[in-house]
Amino acid sequence: DGGITQSPKYLFRKEGQNVTLSCEQNLNHDAMYWYRQDPGQGLRLIYYSQIVNDFQKGDIAEGYSVSREKKESFPLTVTSAQKNPTAFYLCASRGQVEETQYFGPGTRLLVL
Amino acid sequence: QKEVEQNSGPLSVPEGAIASLNCTYSDRVSQSFFWYRQYSGKSPELIMSIYSNGDKEDGRFTAQLNKASQYVSLLIRDSQPSDSATYLCAVVYNFNKFYFGSGTKLNVKP
Chain H
1 DGGITQSPKY
11 LFRKEGQNVT
21 LSCEQNLNHD
31 AMYWYRQDPG
41 QGLRLIYYSQ
51 IVNDFQKGDI
61 AEGYSVSREK
71 KESFPLTVTS
81 AQKNPTAFYL
91 CASRGQVEET
101 QYFGPGTRLL
111 VL
Chain E
1 QKEVEQNSGP
11 LSVPEGAIAS
21 LNCTYSDRVS
31 QSFFWYRQYS
41 GKSPELIMSI
51 YSNGDKEDGR
61 FTAQLNKASQ
71 YVSLLIRDSQ
81 PSDSATYLCA
91 VVYNFNKFYF
101 GSGTKLNVKP
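Chains as they are written, first to last, in the working numbering: chain H, 1 to 112; chain E, 1 to 110.
Bear in mind the hints are in silico, worked out from the structure with no lab data behind them. Computed from a predicted model, the values in this text were never measured in an experiment. Just so you know, not all the hints are guaranteed correct.
[As the list claims (entries may be wrong)] Which chain E residues stay away from chain H? Per the calculated CB distances, all over 12 Å, these:
(1) Pro-14
(2) Glu-15
(3) Gly-16
(4) Ile-18
(5) Ser-20
(6) Ser-32
(7) Ser-43
(8) Glu-57
(9) Gln-64
(10) Leu-65
(11) Leu-75
(12) Asn-96
(13) Phe-100
(14) Lys-105
[As the list claims (entries may be wrong)] Cβ-to-Cβ under 10 Å is the rule here; a few derived chain H residues that face chain E:
(15) Ile-4
(16) Ser-7
(17) Pro-8
(18) Phe-12
(19) Asn-26
(20) Leu-27
(21) Gln-37
(22) Arg-44
(23) Leu-45
(24) Tyr-48
(25) Gln-50
(26) Gly-58
(27) Lys-70
(28) Cys-91
(29) Gly-104
(30) Gly-106
For each residue, glycine too, the CB sits at the ideal point set by N, CA and C.
Taking the hints into account, I'd like the entire structure generated from these sequences.
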């Protein structure tokens with residue numbers, strides 16, 4: 001069953017805490033992306049990676065960090081420096097040839 | 001910052017009618033354009049892509065692109081209540097970066 005998985009579905013963060021969101025894909029896609037979506041708004045790009053061991057900042061990277069040690073995995077860490085982390089986080093991937101992005105089911109992050 | 005503009009709606013149409021969703025973008029070098037549908041609380045799912053000027057049809061959906069006017073639209077024929085969702089327009093720059101509009105909420109009334 002091919003696709004993109006994200007975990008957990010819901011995540012609660014305490015103030016000052018770092019939390020990590022998981023994203024895994026078995027589509028053999030080279031490029032992976034992290035987006036943040038706030039209520040009533042579109043998707044804003046946090047980070048993206050085109051190949052293993054390489055990634056670039058998107059438009060709202062401050063307070064976030066990523067790694068790309070394996071082609072299949074692109075975890076996102078929301079650090080304590082991100083003062084307003086409550087949002088719906090979406091991971092996506094794209095193959096080398098086609099431009100279409102496919103999305104995982106998302107993680108909803110809430111602050112306690 | 002690349003701009004992708006959509007009317008937030010809600011756009012209400014009766015069942016069986018044609019729904020017309022519009023999107024404008026700011027950068028003339030944009031290469032590729034996508035329409036995604038997003039149900040409440042779910043992730044976006046691809047409806048259509050379009051790369052060249054003109055119309056592209058897929059079942060009840062037609063995407064229209066006019067690069068000179070920097071305008072892309074989505075027509076949904078024979079609208080169904082199950083089409084009620086938020087529709088996101090996405091524009092690709094430099095093959096790698098997608099910019100999304102804030103979405104248009106569509107309500108199809110039975």
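We went through each hint and held it up to the structure:
| no. | hint | verdict |
| --- | --- | --- |
| 1 | Pro-14 | 25 Å, holds |
| 2 | Glu-15 | 25 Å, holds |
| 3 | Gly-16 | 28 Å, holds |
| 4 | Ile-18 | 24 Å, holds |
| 5 | Ser-20 | 19 Å, holds |
| 6 | Ser-32 | 5 Å, violated |
| 7 | Ser-43 | 4 Å, violated |
| 8 | Glu-57 | 18 Å, holds |
| 9 | Gln-64 | 19 Å, holds |
| 10 | Leu-65 | 14 Å, holds |
| 11 | Leu-75 | 20 Å, holds |
| 12 | Asn-96 | 6 Å, violated |
| 13 | Phe-100 | 4 Å, violated |
| 14 | Lys-105 | 9 Å, violated |
| 15 | Ile-4 | 9 Å, holds |
| 16 | Ser-7 | 14 Å, violated |
| 17 | Pro-8 | 15 Å, violated |
| 18 | Phe-12 | 17 Å, violated |
| 19 | Asn-26 | 17 Å, violated |
| 20 | Leu-27 | 13 Å, violated |
| 21 | Gln-37 | 9 Å, holds |
| 22 | Arg-44 | 8 Å, holds |
| 23 | Leu-45 | 7 Å, holds |
| 24 | Tyr-48 | 7 Å, holds |
| 25 | Gln-50 | 6 Å, holds |
| 26 | Gly-58 | 8 Å, holds |
| 27 | Lys-70 | 20 Å, violated |
| 28 | Cys-91 | 9 Å, holds |
| 29 | Gly-104 | 6 Å, holds |
| 30 | Gly-106 | 5 Å, holds |
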